[in-house]
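Protein chains: 4
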Amino acid sequence: MVSGRYKACVVGASGVTGGELLRLLLNHPGIELACATSREFKGEYVFRVHPNLRGRTSLTFSDSTIDNVLKRDVDVVFLALPHGQSIEWVPKLYEAGLTVIDLSADFRLKDPNAYVEWYGWEKPHPYPDLLKRAVYGLPELHREELRGAKLIAVPGCMATAAIISLAPVVKAGLVDTERIVVDAKISSSGAGAHAPRLDLHPFRTYVIRPYEVVHHRHTAEIEQELSLLINRQVRVAFTPHAVDLVRGILTTAHTWLIKPVQEPDVWRAIRAMYGNEPFIRIVKDRAGFQRYPDVKYVIGSNLVDVGFEIDNRLNRLVVLAAIDNLMKGASGQAVQAMNVALGFPETTALDQVPLYPV
Amino acid sequence: MVSGRYKACVVGASGVTGGELLRLLLNHPGIELACATSREFKGEYVFRVHPNLRGRTSLTFSDSTIDNVLKRDVDVVFLALPHGQSIEWVPKLYEAGLTVIDLSADFRLKDPNAYVEWYGWEKPHPYPDLLKRAVYGLPELHREELRGAKLIAVPGCMATAAIISLAPVVKAGLVDTERIVVDAKISSSGAGAHAPRLDLHPFRTYVIRPYEVVHHRHTAEIEQELSLLINRQVRVAFTPHAVDLVRGILTTAHTWLIKPVQEPDVWRAIRAMYGNEPFIRIVKDRAGFQRYPDVKYVIGSNLVDVGFEIDNRLNRLVVLAAIDNLMKGASGQAVQAMNVALGFPETTALDQVPLYPV
Amino acid sequence: MVSGRYKACVVGASGVTGGELLRLLLNHPGIELACATSREFKGEYVFRVHPNLRGRTSLTFSDSTIDNVLKRDVDVVFLALPHGQSIEWVPKLYEAGLTVIDLSADFRLKDPNAYVEWYGWEKPHPYPDLLKRAVYGLPELHREELRGAKLIAVPGCMATAAIISLAPVVKAGLVDTERIVVDAKISSSGAGAHAPRLDLHPFRTYVIRPYEVVHHRHTAEIEQELSLLINRQVRVAFTPHAVDLVRGILTTAHTWLIKPVQEPDVWRAIRAMYGNEPFIRIVKDRAGFQRYPDVKYVIGSNLVDVGFEIDNRLNRLVVLAAIDNLMKGASGQAVQAMNVALGFPETTALDQVPLYPV
Amino acid sequence: MVSGRYKACVVGASGVTGGELLRLLLNHPGIELACATSREFKGEYVFRVHPNLRGRTSLTFSDSTIDNVLKRDVDVVFLALPHGQSIEWVPKLYEAGLTVIDLSADFRLKDPNAYVEWYGWEKPHPYPDLLKRAVYGLPELHREELRGAKLIAVPGCMATAAIISLAPVVKAGLVDTERIVVDAKISSSGAGAHAPRLDLHPFRTYVIRPYEVVHHRHTAEIEQELSLLINRQVRVAFTPHAVDLVRGILTTAHTWLIKPVQEPDVWRAIRAMYGNEPFIRIVKDRAGFQRYPDVKYVIGSNLVDVGFEIDNRLNRLVVLAAIDNLMKGASGQAVQAMNVALGFPETTALDQVPLYPV
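Residue numbers (full-length UniProt numbering), protein chains in the order written: chain X, 1 to 358; chain V, 1 to 358; chain Y, 1 to 358; chain P, 1 to 358.
Be aware that one or more of the hints could be misleading.
Partial chain X-side listing against chain V, Cβ under 8 Å, derived [to be verified]:
1. Y206
2. V261
3. L320
Calculated pairs, SDA-like style, for lysine to any residue (alpha carbon to alpha carbon, straight line, at most 25 Å) [as the list claims (entries may be wrong)]:
4. V:K284 to P:G55
5. X:K259 to V:E178
6. P:K259 to Y:Q233
7. P:K259 to Y:D265
8. Y:K171 to P:G55
9. V:K284 to X:D351
10. Y:K123 to P:N312
11. X:K259 to V:E212
12. X:K171 to X:D75
13. P:K284 to V:T60
14. Y:K7 to X:H216
15. Y:K259 to P:N315
Chain Y residues, not near chain V, derived (Cβ > 12 Å throughout) [to be verified]:
16. N27
17. T57
18. S58
19. E140
20. L198
21. D199
22. P202
23. A242
24. M273
25. I310
Worth flagging that the hints you see were computed from the coordinates, not collected in a lab.
For clarity, every value in this text was computed on a predicted model and none was experimentally measured.
Backbone N, C-alpha and C fix where the C-beta goes; we use that ideal spot for every residue, glycine too.
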């Protein structure tokens, strides 16, 4: 900590979520950005990889090794690494007493065996104790645990939207928790900066492309978090689709009502949970240009727009959420969780109004 | 009929589906394009409204009146009019003995009262007899009725994808017909050429926008056609989303299995129904760049790509379909239905390979 | 002025540049947003037209009349009106002693007759005195005049990019001022929110569309400002092209060198003029992902990226500039000019880092 | 040749232009597609790499070796290889008496030294004799030489648009041939299927990106072809810009008139050269939706839309051309050249109407 500011390091800073973290942290009054690591771009100016930062920082990438980070005497480390790599970093950083904010999936699931089922690991997670200590970094559900937390597992991007939109109606007991369908639509920036032919522009544009139609990994955390809310297993049928955008996620949750429900009941359930949340807007309007959540209106912000509609004919309830996947779906949420953990006002560096139209 | 060719007229030819009809009919060896009507562009060269046709036709738009069409002695009339307008044209053209191919919804539903429920008409459909005689223009389900048909109601664009993908598994009795969810993603060209602010480029790009989240009109025809297949009411929970593309529809049908089903069972059901269909490709591949249907691979063609995946964990079956909404979703399908009705080979003027990448 | 803050009004606030002004002014610590007018949306919540502002303001649109604005006792008025309408507002607001910031073209040109030639007016501009008093709101060229200015004509979007990139090399006498070609590429949001068929999504996407190939109106202000710099007539051949983006302008100026010039000469000319400018970045890099200006890296910011390349083979100098047309090309520049006029630090409310990738 | 059809092979068939060649050749009544080679995808079904061809061909990729091609006894070989690789193939295939159609730049330039200057080769082109025999495959300028040609160098994509639009006005002596500026805008599909980070979707979207601002390689062929027309050196200042589309090129040529010229003079020059060309449309309209060339209206076709505008104020002439870069800019042009060489009607397999809107 220098002159009242915490020193932070971003590991894996040359990727897309890494770049977004740098953009946010460079504007955070309580943070001094002490290092940004990248194996591939070691020694290069950060702005040469993230040209939006040109003129904002003269930082260069340093080597992406644990030793390099430890020797810099930082307080907070953000791990923006591919899944499966954080697991090598977290125990050592945690032992060293640092606040560790991991954007990968490596510490999101509480059940060590779940990594075998959902991530194809050969053996259960080797650090079950750390899994217990890790806080699932969704402030809307785990704010109290986040205060002072030393290990934070930042939720998956689509999981964030799905969980936030479904939590109120699951908790209020409105819907059949055995028959929840989540149909997600996701942009390209979540795929990262190293990718195969299908991620090249000519092949990734003009798509509406289902993938991992069943058994997508985010299912595990969605079920974990919703089940925790009601102490009973919730089942979620999750299917994502890639669409031709760079930022943004929309989740459409199709649920079946298990009792007579009117609109005010749903409003009440959502407001009970999120009435004071700084980043959640309830969007359900009969007039104006926006009737429901749409990624169009959250780009560049840390907001979650939540909306719903009741289908009386079929006793169905549709619950919708829109986020910017790099903000509330990754780096923005990581900073929000850090704000809670370190005691900053929660919206610090995160109060951008959505850029519109873009 | 002139020199062995049928004379055809396109009514409402200045719109998007009208333009697509002109593009197809100008290349149809059995059709002479006798007239293209437009109230707004009467007297103007067709290529000035549809610049892709420059150099292909020197036709001008004529007035969009029934008299104008009748006096031209045509054999076939395509109605590419807004919903609610065809109803004034169809009875008179039908009486005059013409083959009428209506791209609107005005004659798609068999139940006259359904127009009150789904289209908000004040009274039931005034021509119940014509509703009976109208053939729902989906050759894959109604080929025999289409032969020689004089009134054809071309299916809705999203309905086409949903029905074609669901028909085999519904007919084979694999899924719970009370809990079918269809989550649709649709491009902008279906909205036509006259549109409000939200359809302007700055506001219609960068969206994943749910709309008519419940009770969308296409629900009615999807339920009608699937119910017909099994002589029992099928219920469909349908929700469309606008995405940032000009062409293309993907429907994702989330269904629950009602008996133990393996992949070969689903393959068998689909092949039994579509094994010889010229426009249906079953796409479910473990290798290569395309694993499931994606609009990317059908643009510019009359194809329907159909695919599926079984979720053993949840006894769920996901069924997918991708089409070009202006082709198989509208004008291509209209020409296909005409081909069947008039006795042309079914793929005449419709054998375009998808344009890829685009 | 209330509690140390100036009261501001945005006239024509339902349009795209109006919405961007609201977004910026709501975050300006020295401004109280007193009114936002709209004829079309009078009485409606602002956030229903600009959904990104939901949760940020409960303001409603008031009527778009001069009386309505005058009676609110505001200090600053932004006019975001179509060309030709500001001329009715400016004299009255100016007389009332307000600071008037006009985003239209109505007061940009110094020569009253230029409005006949370039804007097709039937008669010369009726307020030649006001034209003289109006300051062309480009702080990089007119900062001193802007201090305390009461009438500011905000430059055209493409003109801003062209002038800023060309000014240094014209002033330094490097290029033939009779043979300057400016080839501009522009996004859709500049066209506003009321537009004809060609601006609908299906027709405005997938374009590279030249328009007003010769004699585009921005030519007049580009020539005016460059000529002022050297007290000699400069000629600019200007051609714009619409591309399939919502935000962003790139201008490519092709010029011919009139004396032997090396790279350091051009650097020197640019740095001499812009070395301390807060919003100008000189982008010319031999390494990294960005070698030249590209709209990709300025979206959401008030930056102008300026770059160049010398073509020794042909004695040509290419000068490039990229801006966000709604920010530095319109509303951002208007706020920047206001900051100078009212004595705020120039970057107040304008220090957003570009959103990347978007 | 089998049953009256020529046997053809596409070498490098897994790339984008390779795939487009397959799409066209599979529909060519005079061609039997005998082989498609790919080192990377050897043994794989062609439709797994080009999913649009699913259902159209059961061909698999064979090895990309000269022996493999020679042993198949084919008549025509298309080389869709990266620049610098064709040079190893052409001499051997040519010696074997095959018709060789090379889509790379390796045989486009007549001057062996030009490869040192423009392509950075260490030594002059090693086959100056073959350079002489190679025909530059632009039928509009070299149709007679193409008849029966055994070695065809298919022009560069941007060069095609620039040459075709400039040829008439250069030949007619209307413009200053020392001061021609060509400002090109190009989509992503020309970059091929193997590409670095900047070609990934998140980084290649939302760009207006100048690159190789001076000394782009296509300059060499544009100057060569225009100079040939008038037996005098023509100089072209060429600058390309990447835009956010998959297909399409627009070239804007800014020229200075050297004598008094009226619109009919330009029309006459263009018509004199292209009056009977099957793929050229002159687009200059005062009414309708298309006033000038725009990629929007040529996608999926082999057309070149050519247009112009005179700037009387500055004695400037702007000449415009729009093409689909994969069709007239590469594979379509290759098939057109083959049609001429082998004696097929020139539009065979190339008469697609542009897909619009897309």
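Practice task
Could you let me know if the closest chain V CB is still more than 12 Å away from the CB of S58 of chain Y?
Solution key: Its Cβ never comes within 12 Å of chain V, the nearest being 22 Å, so this holds.
Handout entry: Minimum Cβ distance from P202 of chain Y to chain V greater than 12 Å, as the annotation requires
Key = About 5 Å separates P202 of chain Y from the closest Cβ of chain V, which leaves it inside 12 Å; violated.
Exercise for the section: Quickly compare the C-alpha distance for K259 of chain P and Q233 of chain Y to 25 Å and report which way the hint goes. Expected result: holds (23 Å)
Problem - Satisfaction of hint between H216 of chain X and K7 of chain Y, Cα-Cα up to 25 Å - result: Answer violated: K7 of chain Y to H216 of chain X is near 53 Å, above 25 Å.
Exercise for the section: Take a quick look at whether K259 of chain X and E212 of chain V sit within 25 Å of each other, Cα to Cα. Expected result: The given pair, whose Cα atoms are some 23 Å apart, holds under the 25 Å limit.
Practice task
With a cut-off of 25 Å on the C-alpha distance, tell me whether K284 of chain P and T60 of chain V pass.
Solution key: holds (18 Å)
Handout entry: Verdict on M273 of chain Y as a residue remote from chain V, using beta-carbon distances over 12 Å
Key = holds (33 Å)
Practice task
Decide if the proposed pair is consistent with the structure: K284 of chain V and G55 of chain P, CA atoms, cutoff 25 Å inclusive.
Solution key: holds (13 Å)
Practice task
Find the nearest Cβ of chain V to the Cβ of L198 of chain Y and say whether that gap is larger than 12 Å.
Solution key: violated (9 Å)
Practice task
Mind checking the alpha carbons of K171 of chain Y and G55 of chain P for me, to see if they're no more than 25 Å apart?
Solution key: Measuring from Cα to Cα gives roughly 63 Å; hence the hint is violated.
Exercise for the section: Hey, is D199 of chain Y genuinely clear of chain V, shortest beta carbon separation above 12 Å? Expected result: Violated, because the least Cβ-Cβ distance between D199 of chain Y and chain V comes to about 5 Å, which does not exceed 12 Å.
Exercise for the section: Check the non-interface label on N27 of chain Y: least C-beta distance to chain V beyond 12 Å or not. Expected result: Holds, because the least Cβ-Cβ distance between N27 of chain Y and chain V comes to about 22 Å, which exceeds 12 Å.
The structure fails hints 2, 7, 8, 9, 12, 14, 20, 21, 22, 23 (numbered hints given earlier, in ascending order).
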